[in-house]
Structure formats: structure tokens, C-alpha cells
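Participant: Sequence:
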Amino acid sequence: MNLKDKEQEKLNEIEEMIAVAKLEKMTVLEHQLRERYNELLHCHDEHVKRVELEQKLANELQNREYLIQSQVKLREKSRMQERPLTRYLPIRSLDFDLRAHIEGAGHLLDSSHIHVTSTSCRGFLLKMGGMKFKTWNRR
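Just remember that the working numbering sits 89 ahead of the position in the sequence shown, which is counted from 1.
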């Protein structure tokens with residue numbers, strides 16, 4: 090019986106070791122499962138934040154585009170109202186002197202590359218420009 094008792098004791102020890110190993114395995118699996126669950130929650134939260142931020146960004150871009158378009162339209166309107174195109178203004182009087190008109194506007198006509206007739210002006214006009222540095226600029 091001594092041999093049977095030793096075998097029984099060994100069998101009990103092995104069963105205890107198996108039970109401990111199973112318990113350790115279960116705790117490790119539970120720990121891994123908890124970590125994975127927390128990871129998924131974190132990823133989900135990040136995804137929700139990213140979606141919200143992308144939505145805010147899209148709204149801001151839309152608002153910015155609208156503001157830019159409205160500002161550009163306002164600028165165009167103000168330019169149109171501010172100063173008409175002088176190129177297309179009709180000559181109102183028959184005794185209109187184009188040379189006197191251009192010189193009166195401050196342009197220099199003494200250069201050889203400017204040709205002025207009674208109805209047209211060809212070449213680059215020169216005019217004193219700038220507030221700080223007074224230089225002649227081509228127009």
C-alpha cells in the first residue's frame with residue numbers, strides 16, 4: 090500500500106499543479122481581455138473625437154469659404170462703384186484736348202516712345218508715384 094499511497098500523492102500533486110496552472114491561465118486571459126476592452130474603448134473615444142473634429146473642420150472651412158467669397162464679392166462691388174473704367178468713357182465735348190488732359194493728370198509726355206493724337210495715346214505713360222520715394226512709374 091505504500092506504493093499506492095505514493096502514487097496517489099503524486100497524482101494529487103499533479104492535479105493541484107494543473108488546477109494552479111489553469112487558475113493562472115484564467116487570470117492571465119482575464120487580464121488580457123480587460124486590456125483589450127480598455128484599448129477598444131480608448132480607440133472608440135478617439136474615433137468619436139476625430140469625427141467631431143473633422144465635422145468642426147468641415148464647418149469652419151465652409152464658413153471660411155463663404156466669408157472669402159462674400160468679401161471678394163464686396164471688394165468687386167466696391168471697386169465697380171468706386172471708380173468707373175476711364176477707357177470706355179465717352180468724350181463729352183468737341184474741343185477736348187487729350188494732350189492737356191493727360192498732362193493735367195500728372196503724366197510726363199516728353200519722351201519719344203509716347204505718341205499722342207487728338208483721339209488716342211500710344212505708349213507707356215510716366216507719372217510721379219509713391220509717397221515716400223518720388224520716382225517716375227510706368228502706367
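Note that these hints are calculated values from the structure, not bench results.
Mixed in with the good hints there might be a few duds.
Straight-line distance between alpha carbons at most 27 Å, and here's what the computed DSS-like set of lysine-lysine pairs gives [claimed, not checked]:
{"id": "1", "residue 1": "K111", "residue 2": "K99"}
{"id": "2", "residue 1": "K138", "residue 2": "K114"}
{"id": "3", "residue 1": "K111", "residue 2": "K95"}
Label-pair distances were calculated between CB atoms; the ranges are [stated by the list, open to error]:
{"id": "4", "residue 1": "E154", "residue 2": "F213", "range": "33 to 41 Å"}
{"id": "5", "residue 1": "H190", "residue 2": "N152", "range": "29 to 37 Å"}
{"id": "6", "residue 1": "E96", "residue 2": "E135", "range": "51 to 59 Å"}
It should be emphasised that the depicted structure is a prediction, and the values quoted were computed from it without experimental measurement.
The beta carbon of each residue, even a glycine, is placed where N, CA and C say it ideally should be.
Participant: Does each hint fit the structure? Answer for all of them.
Facilitator: Against the structure, the hints come out as follows:
1. K111 to K99: Distance ~18 Å between K111 and K99 Cα, so the pair holds.
2. K138 to K114: violated (36 Å)
3. K111 to K95: Given that 27 Å is the threshold and the Cα spacing comes to 24 Å, the pair holds.
4. E154 to F213: 33 to 41 Å: Hint holds: Cβ distance 39 Å, inside 33 to 41 Å.
5. H190 to N152: 29 to 37 Å: Distance hint for H190, N152 is violated at roughly 48 Å.
6. E96 to E135: 51 to 59 Å: Because 58 Å falls inside the window, the suggested range holds.
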